[in-house]
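Asks: The lines below spell out each chain.
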Amino acid sequence: MLIRGRAWRFGNDIDTDVIIPARYLNTSDPHELAKHVMEGVDKDFSSKVRAGDIIVAGKNFGCGSSREHAPIAIKAAGIQAVIAKSFARIFYRNAFNIGLPIFESEEASEKIKEADEVEVDAINGIVKNLTKNEEYKANPIPPFMQELISAGGLVEWTKKRLKAQDTGE
Amino acid sequence: MTITEKVLAAHSGKKEVSPGELINAKVDLILANDITAPIAISEFKKIGAKDVFDKNRIAFIPDHFAPQKDIKAAEQCKMLREFSREYNLGLYFEVGRMGIEHALLPEEGLVVPGDLIIGADSHTCTYGALGAFSTGVGSTDVAASMATGECWFKVPESMKFIYYGKLNKWVGGKDLILHTIGDIGVDGALYMTMEFEGEIIGNLPMYGRLTICNMAIEAGGKSGIIVPDKITKSYVKNRAKRPSKFYKSDKDAKYADIRDYDCSKIPLTVSCPHLPSNTRPAAELFEVSIDQVVIGSCTNGRLEDLIEAATVIKGRKVNPNVRMIVIPATQKIYRQAMKKGLLDIFIEAEAVVSTPTCGPCLGGHMGVLAKGERAIATTNRNFVGRMGHPESEVYLSNPAVAAASAVLGRIGTPEELEL
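Top to bottom, those sequences are chains P and S. For the first sequence, position 15 matches number 15 in our numbering, and the numbering has no gaps at all. Start counting at 1 in the second sequence, then tack on 169, and there's your number in our numbering.
Fair warning: there could be bad hints in the mix.
As the list claims (entries may be wrong) - Here are some chain P residues the structure puts well away from chain S; computed CB gaps all over 10 Å: (1) Met1; (2) Glu110; (3) Asp116; (4) Glu119; (5) Ala122.
What the hints assert, rightly or not - Interface residues of chain P toward chain S, partial, derived using beta-carbon atoms under 10 Å: (6) Cys63; (7) Pro71; (8) Ile72; (9) Asn97; (10) Gly153; (11) Lys159.
Claimed, not checked - For lysine-lysine, the following DSSO-like pairs were computed, each having C-alpha atoms within a straight-line distance of at most 30 Å: (12) Lys406/S <-> Lys183/S; (13) Lys48/P <-> Lys540/S; (14) Lys195/S <-> Lys160/P; (15) Lys540/S <-> Lys486/S; (16) Lys160/P <-> Lys215/S; (17) Lys183/S <-> Lys160/P; (18) Lys241/S <-> Lys43/P; (19) Lys159/P <-> Lys215/S; (20) Lys128/P <-> Lys43/P; (21) Lys219/S <-> Lys159/P; (22) Lys241/S <-> Lys48/P; (23) Lys501/S <-> Lys399/S; (24) Lys163/P <-> Lys224/S; (25) Lys501/S <-> Lys483/S; (26) Lys163/P <-> Lys195/S; (27) Lys163/P <-> Lys184/S; (28) Lys247/S <-> Lys35/P; (29) Lys85/P <-> Lys423/S; (30) Lys85/P <-> Lys323/S; (31) Lys35/P <-> Lys214/S; (32) Lys402/S <-> Lys420/S; (33) Lys410/S <-> Lys508/S; (34) Lys184/S <-> Lys159/P.
Source of the hints: derived by calculation from the structure; they are not laboratory data. Yeah, the Cβ is synthetic: ideal placement off N, Cα and C, and Gly gets one too.
Let's have the full structure, built from the sequences with the hints guiding it.
Replies: Below you can see the structure in the form of structure tokens.
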């Protein structure tokens, strides 16, 4: 799977309250949430972001609350992937569960600049900076996460498991 | 093995587990609230399971925007109510019976030592105070577990935090955990379990332990845990609705890091905007004026927290430039506070007392901040815009510091009021 898009830069410790402020959590409609994505750090972000863009951030991306609305808002805004130095663990789980590709790469996090054209080879964990003609390594996606992705997320994975139990497989 | 590894092993049918190992474990209790349950409900329906795995092990608690703050919030609360009726859930808590989830479940004895608990709320780590493994997950995780009764985990590494010496006056669980987060940073325990121990923890009452474990997530922790002891035993004695199991860490258990703190050096501590790790001694912040004080939340909304605040504010008045909002975390706490005369003390001081709700902690309702306003709160997060406008500010403290600040109109300590 190749993901290609324009990069938006964010700093360290981007928390879920700035990704999607709680005042908008009286709904879980993805399109409503997308209108306010990243509003706490950049109030105009939702009007600037284009479908297919990529977020590149520092350490501990998605820290704070467990709200799945955060990766949902990012995905619904058309963001294809998030690259960060590290992710907060609930955000990490949520992203895989809902099918938002995320990649841990210290190098990519440090070297990619705003508006760089980036290409991610998800299978081999390689991030290419097409603007700078550089290549960075991403941490490999753990096998279980790959299983979740290929099943189409946790709901589909669970469906399959329940079906297998029912038929006594 | 550590206590965490033992609980995880017991719930995954294994003799032993080690950090990094991926396991599928049985859960004892699953919880979700009015923000996170709606997504869990719609995802659960997509799975197509015939029923939930156990009607009496799924707790739905509308507490964040409840009592329903607006039409959209009312629709979300309605989803919880209707799903609970449809599936005949035994642990749905309607307004009037509900409280803030992480105060309510321990109080009701629905979480017990040795449990494995997941919740679609990041502060689910609170129950580690009882010697349970409990951790926050997302709504989809909750949906899957509601169908299967299981959840996948990567066994975390453990970090040990030892507290010794003597606590300074008015210093409690909140100061210890803020100080620790200040020391290791908001990702200092990323993916790890924080195990708290030492003579200070051994003597710390349950409410202080709950406060400490509650904020493990603010250091990036997967969970916080305290090995259960006599204090745990007496806390659960007349509450536990299920049998409990007391695990403890082995002498040769492995830790990724061990840190110790001399508590005589830990002052009354405040986290400044906009990260919980941005800590300063309260006494150094006397130039910071405030507009609002919030005493409550899953971190510090328990009876003893209210007693602490009432002791400080008794016979005094809230500064004319300040609004003070007191939120008992559960109906039971509210009632006890009333019987003990605490509500009288707060109202006499010209504070308001609210029905249980998470409310202002996450900028929901009951005390949202305007542009440029500043609050000191006993809550757990001070991120940008957490309590309202993106240009408002939140300082975090213990209840005594918050109450003293309400009187002074600026951040201050009980000592300044000669207490």
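Asks: What are the numbers of the hints the structure violates, in ascending order?
Replies: Of the numbered hints, all hold.
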